[in-house]
Amino acid sequence: MSLETLVAEARSRWERKINPDRPRIIISAGSCGIFAGARKVKTAVIDALKRLHVDASVEKTGCVGLCWAEPMLDIQLPGRPRVAYGPLTPAEAAQLIEDVVGRGNPRVDKALYVYADAPYEGIPSREDTDWFKLQYRITQRNAGIIDPEDLDDYLANGGYEGLARALTMTPAEIVDAVKKSGLRGCGGAAFPTGLKWEFCLRARGTEKYVICNADEGNAGTWKDRLIMEGDPFQLIEGITIAAYANGASRGFIYIRDEYPLASSRVRTAIERLKARGLLGDNILGSGFSFELIVRDGAGSYLCGEEMGLISSIEGDRAMPRSRPPFPATNGLFYKPTVVNNVETLANVPQIIARGWEWYAGLGTERSKGVRTITVSGAVRRPGGFELPFGIPLKTIIYDLAQADPADLKAVQMGGPASNILPADFVATLPLGLDELRDAGTTIGSGGLVMIGQKTCIPNLVLQLMEFLRDESCGKCFPCQMGTRAYYNTLYRICRGEGRPEDLDFMLDIAPAVQFGSLCGHGQVAHVPVVDTITHFRHEYEVHIRERRCPQGVCELSPVATAV
Amino acid sequence: MNERHPLRRAAPADLEARVRQLLAPFRGDRTVTVDALKVIQQAYGYVPPESLRVVAEELGVSENTLDGILHFYEFLFPHPVGERIIRVCSGTVCQALGTPAILRRIRERLGIGWHETTPDGRYTLVPLPCYNTCAYAPMLQLDTLTFVRVTQEQVDDILDGRIEGVKGLPCGDGMPTPPREEVEL
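Chains as they are written, first to last, in the numbering used here: chain A, 1 to 563; chain B, 564 to 748.
It should be emphasised that the hints constitute simulated quantities derived from the structure, not laboratory data. Do not rely on the hints blindly, as some may be mistaken.
[Claimed, not checked] Computed from the model, here is a short list of chain B residues facing chain A with C-beta under 8 Å:
1. D577
2. Q717
3. I721
[Unchecked claim] Sample of chain B residues at the chain A side, in silico, Cβ under 8 Å:
4. N695
5. T696
6. P741
[Stated by the list, open to error] Stretches of chain A that chain B covers, calculated by requiring three or more beta carbons in the stretch to come under 8 Å of a beta carbon on chain B:
7. 106 to 118
8. 268 to 279
Quick reminder that beta carbons are idealized off the backbone N, C-alpha and C, glycines included.
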């Protein structure tokens with residue numbers, strides 16, 4: 001079947017879906033929503049509908065990124081726009097159904113926004129709310145709107161336009177377009193994606209691979225989960241375009257074990273796509289075939305490192321290899337391989353469909369495009385926001401996530417081994433790749449963790465270091481010994497047995513750990529220690545000199561036994 | 564090391580035959596070592612060291628490689644574990660919002676820290692790698708049940724079954740990805 005026929009059918013089904021003749025209740029069902037109680041809400045909704053004797057369709061969607069508003073649900077009555085409500089307890093959800101569906105009362109008090117261009121009954125339009133008006137949603141554009149298991153929903157919303165266009169281009173043209181778009185890796189290193197693809201395309205050999213890195217191990221980052229749970233089709237379309245552009249006929253998506261829902265939705269999406277001829281042999285009659293294999297992790301942080309991930313897919317411990325040679329020439333099974341992050345690949349279909357000029361026009365001069373930022377920790381409204389580069393971090397922290405300026409002490413930028421900076425300093429910076437690099441920091445994988453006044457910084461760094469020590473693969477000794485030395489020193493400090501020379505010792509070994517380590521894990525392991533000694537030295541000194549913990553965390557906490 | 568583990572049991576007599584049967588779908592594929600070990604763990608609750616020789620033969624990799632893999636991945640248990648597994652998130656946000664207090668309560672009540680098992684073999688405590696549902700931190704899992712926004716005071720209620728957890732989104736435990744029906748809404 002041709003894509004036009006598929007899309008035409010999908011569009012007519014979608015039109016019927018969004019112009020329903022009976023009430024629609026759409027429950028937000030990401031991991032966050034389910035943990036917050038979406039299943040109980042669903043049961044309450046179904047019971048309430050039964051009591052009202054109303055025939056309604058109960059559907060599900062991915063997470064829209066308003067984690068604080070979970071459990072959330074949308075209600076659409078025939079002839080009315082779709083309204084989002086949250087957060088709801090099961091009892092509140094039942095009452096809401098009785099009021100909205102039963103009595104036609106729009107319940108403005110519980111409403112968040114409406115999916116319409118204009119306000120409805122005083123409920124603001126989604127695009128006018130504080131959370132959405134600054135956003136520019138590309139990878140998240142369908143998340144929270146479509147059913148993540150329904151391919152028709154995706155096809156009706158611009159799905160596979162990118163691949164259809166890509167198949168009319170040569171691989172070199174696609175690589176050129178991605179290069180010109182300015183798209184850079186969203187996993188942390190921010191390497192230009194087009195350049196990576198060019199290396200792989202030029203590499204000799206007929207057997208090439210594409211790997212999607214969905215081992216999102218950085219605590220506080222869940223952008224990839226939002227994509228996989230909200231719109232897995234767009235990701236797979238991106239992987240397929242990457243495979244075509246790099247001449248790969250086999251690809252892997254490596255999903256961490258902690259994402260069972262994401263894994264399930266990606267697997268379902270692959271089945272649906274294969275059934276329609278959009279994945280597998282002879283895609284859309286073009287002669288191009290691509291097989292995508294899902295691999296599950298087993299709880300190792302280092303699987304997120306590209307070389308570690310390759311080792312893990314090969315069936316070994318996730319140990320990095322020394323570079324060069326880079327994966328683009330010697331990757332999986334020592335064949336040319338492209339390894340890209342989920343968000344990077346999910347951006348590709350729209351870049352190809354709309355043209356690189358459109359993407360290059362977003363963001364700032366030096367950092368093009370958009371990036372999904374997830375904010376959590378000491379904030380009132382944690383969530384995920386897809387924002388164009390250039391927005392001040394201050395806006396994200398205080399306006400979108402609503403951190404309390406009086407409570408906020410520090411911010412950790414993107415991952416356990418990244419900068420921990422004073423909140424006042426972070427508030428002066430803009431969101432940008434090069435802009436942040438100039439300021440000596442990085443947006444990393446896009447997770448901002450807000451650290452409040454109640455948190456004891458040395459103890460937090462101790463726990464981070466315990467994690468980094470445990471996850472060090474042990475292949476190179478600067479990382480293995482360095483993380484251990486840091487942990488043991490911090491452990492003593494937090495027990496009240498710190499010595500005056502400890503801080504200088506930790507600063508002294510930093511360059512050895514940084515420059516001696518083989519991969520990104522060890523190369524940045526010193527960062528949280530050095531940053532916190534620089535900016536929060538007084539907290540360490542109170543622990544060492546006065547042998548007390550101002551926050552009352554250390555004496556109280558059972559510090560794990562040093563190994 | 565293994566032989567001195569408190570919960571160490573003798574390997575079952577039919578171990579070799581059963582492992583060979585379990586590994587039939589993986590035979591000869593050296594890239595699926597982790598999946599193969601997960602299947603064994605699902606059958607035995609941990610990966611018995613005696614099984615490694617058989618796995619090595621079936622997949623065509625060395626026993627040493629397998630031993631390395633077994634000890635490398637967080638979700639694979641090289642030792643027998645308690646009847647119930649408590650996982651507490653070790654991610655940054657959970658750490659900042661209360662994991663230390665939760666661990667303190669668990670230690671007070673059960674006397675165990677990370678990777679330790681109670682002497683009666685009831686509970687094992689292991690870190691939960693971050694689920695990245697940080698908006699609901701701190702997070703605790705008891706076997707396949709998940710509890711979010713856990714406070715120190717709730718620990719006893721959770722262990723005694725007085726608080727209802729969310730089913731169906733368990734991590735690892737050596738299990739293959741749960742079927743769609745279990746994880747979906």
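Against the earlier hints, flag every one the structure doesn't satisfy and list their numbers going up.
-> 1, 2, 3, 7, 8
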